[in-house]
Amino acid sequence: MNDNPRIHLLSGILAGGAANGATHLQHALRKAGVNSSLHYPAKLKVGSEIRQLQQDGCQPLTWNIGGLDKLKQKISHRVDRQIFKRKIRGRDPGQEIFTSPRGAPHTPWPPAHVEPQSNDIIHLHWVAKFIDYTSFFQSLPKNQPVIWTLHDMNPFTGGCHFTEGCEQFVQHCGNCPQLPNCGPDDISRHAFSTKMQALRDVNLHVVTVSHWMTEQSKKSPIFEQAQAFHHIPYGLAMDVFKPVNKNEAREQLGIDKEAFVFSFGAADIRNRRKGLAPLLKSLEVISDFPNTLGMMFGGGDIPNVEHALPELRMMGFIRDVKQMVLIHSACDVFVMPSLEDNLPFTCLEALATGIPVVGFDAGGVPDMVRPGVTGWLVPAGDSLAMGKQLKYVAEHRDEAARLGQQAREVAVQEYSEEREVIDYKKLYKEVLQQPSKR
Numbered sequence: 020m021n022d023n024p025r026i027h028l029l030s031g032i033l034a035g036g037a038a039n040g041a042t043h044l045q046h047a048l049r050k051a052g053v054n055s056s057l058h059y060p061a062k063l064k065v066g067s068e069i070r071q072l073q074q075d076g077c078q079p080l081t082w083n084i085g086g087l088d089k090l091k092q093k094i095s096h097r098v099d100r101q102i103f104k105r106k107i108r109g110r111d112p113g114q115e116i117f118t119s120p121r122g123a124p125h126t127p128w129p130p131a132h133v134e135p136q137s138n139d140i141i142h143l144h145w146v147a148k149f150i151d152y153t154s155f156f157q158s159l160p161k162n163q164p165v166i167w168t169l170h171d172m173n174p175f176t177g178g179c180h181f182t183e184g185c186e187q188f189v190q191h192c193g194n195c196p197q198l199p200n201c202g203p204d205d206i207s208r209h210a211f212s213t214k215m216q217a218l219r220d221v222n223l224h225v226v227t228v229s230h231w232m233t234e235q236s237k238k239s240p241i242f243e244q245a246q247a248f249h250h251i252p253y254g255l256a257m258d259v260f261k262p263v264n265k266n267e268a269r270e271q272l273g274i275d276k277e278a279f280v281f282s283f284g285a286a287d288i289r290n291r292r293k294g295l296a297p298l299l300k301s302l303e304v305i306s307d308f309p310n311t312l313g314m315m316f317g318g319g320d321i322p323n324v325e326h327a328l329p330e331l332r333m334m335g336f337i338r339d340v341k342q343m344v345l346i347h348s349a350c351d352v353f354v355m356p357s358l359e360d361n362l363p364f365t366c367l368e369a370l371a372t373g374i375p376v377v378g379f380d381a382g383g384v385p386d387m388v389r390p391g392v393t394g395w396l397v398p399a400g401d402s403l404a405m406g407k408q409l410k411y412v413a414e415h416r417d418e419a420a421r422l423g424q425q426a427r428e429v430a431v432q433e434y435s436e437e438r439e440v441i442d443y444k445k446l447y448k449e450v451l452q453q454p455s456k457r
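Numbering (my numbering), first residue to last: 20 to 457.
Hints listed in this document are in silico derivations from the structure and should not be mistaken for laboratory results.
Some hints here could point you the wrong way.
For lysine to aspartate or glutamate, the following EDC-like pairs were computed, each having C-alpha atoms within a straight-line distance of at most 16 Å [what the hints assert, rightly or not]:
| # | residue 1 | residue 2 |
| --- | --- | --- |
| 1 | K50 | D88 |
| 2 | K448 | D99 |
| 3 | K410 | E234 |
| 4 | K341 | D417 |
| 5 | K261 | D339 |
| 6 | K161 | E186 |
| 7 | K50 | D386 |
| 8 | K106 | D205 |
| 9 | K276 | D417 |
| 10 | K238 | D307 |
| 11 | K410 | E325 |
| 12 | K407 | E303 |
| 13 | K300 | E325 |
What follows is a set of in silico ranges between Cβ atoms, one per label pair, in the way DEER data are often shown [to be verified]:
| # | residue 1 | residue 2 | range |
| --- | --- | --- | --- |
| 14 | I116 | D380 | 17 to 27 Å |
| 15 | G391 | I94 | 58 to 68 Å |
| 16 | D258 | Q114 | 15 to 25 Å |
| 17 | K104 | N162 | 36 to 46 Å |
| 18 | N162 | D99 | 49 to 59 Å |
| 19 | R110 | K62 | 33 to 43 Å |
| 20 | E277 | Y411 | 44 to 54 Å |
| 21 | R100 | K410 | 43 to 53 Å |
For every residue, glycine included, the Cβ atom is placed at its ideal position computed from N, Cα and C.
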């Protein structure tokens, strides 16, 4: 066997936190000389990023199926899709998406442009709507090593991407609180069964980026036959995400050098899970604090609220890394009000740029936000506690600056892309050399 692995990363998206987890890793692997490619759906619109993606070994994927069979599968998938949409109609729009294990018509491995080799490793990332579980996993050669990095909970639930505290997935789902018409034999139960059956004989290694996700994923019967669970946090290019002088950053952004500045951001700030509602409620505590500015970035708008707020500046969706670094560097603190999250990149990027974080004690946030070291934690959902903590930071900015320096040190030591590559190279070698336990 060739011990030099050939890595096939698969990601169904190229924008957002989960996508960053895949594209950042692909860039770092190629930079380190690893033979890796990132495959994404051929129908995906990638816009202006295509040139850099191609340079990093990212390529559109076309599944190896054609002729009459392709037409039959498309028709079948379209019918299934309409039935699925009808059954999830009426869900709360503030919830995360809910997806089917039949995310595509027919997705047998290998795809059209891949010639299988004995040293192949399939490395899955966010693949909802990209693969059909049954045809994909059943087509894999016996003992084909598969690594799956979990960016959310969907791979081990019956359809939701974050459970909102529900643990029905421990008991094969059913009675799903995220479905308008739930019952013991609802679509979450059927989807769970499909996933469990598809993964039954797969040589699967599960990677989690947060300790919280490790704990959650181990509870699911879908992964009960996984070979092993591995904890490998995200990595960042620390030579890119690094502090800029605060006064210089504020001058470029037109911000008063004496102001108390905080920031908050998410791909979609309207997503209930990201905690905009409790954050806005918490800001009432500092609404009369003098010379205060909040910078909000991401998709969506801030809703109208009845109580007073400090000045808020909408920065929009930030695609330019230098601009993001500038925003973080201009702040005294970053606010992480997620009610449920994995290892959010926004938080990690803030720490890397030397900014401490006030966050809810939820999900994987405590991995990064360590009280008295990199920031402050308050009970999840407690707006009053968060508001009081923000006021404390505003009144103790020297302490915030000290924690910001420590945050940068922790980020460099534990969340660099170099560390991430070392961990994955070790895992790739391990899964090739170790036979399946089956």
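Just pull the numbers of the violated hints for me, sorted ascending.
-> 1, 2, 3, 4, 6, 7, 10, 11, 16, 18, 19 and 20
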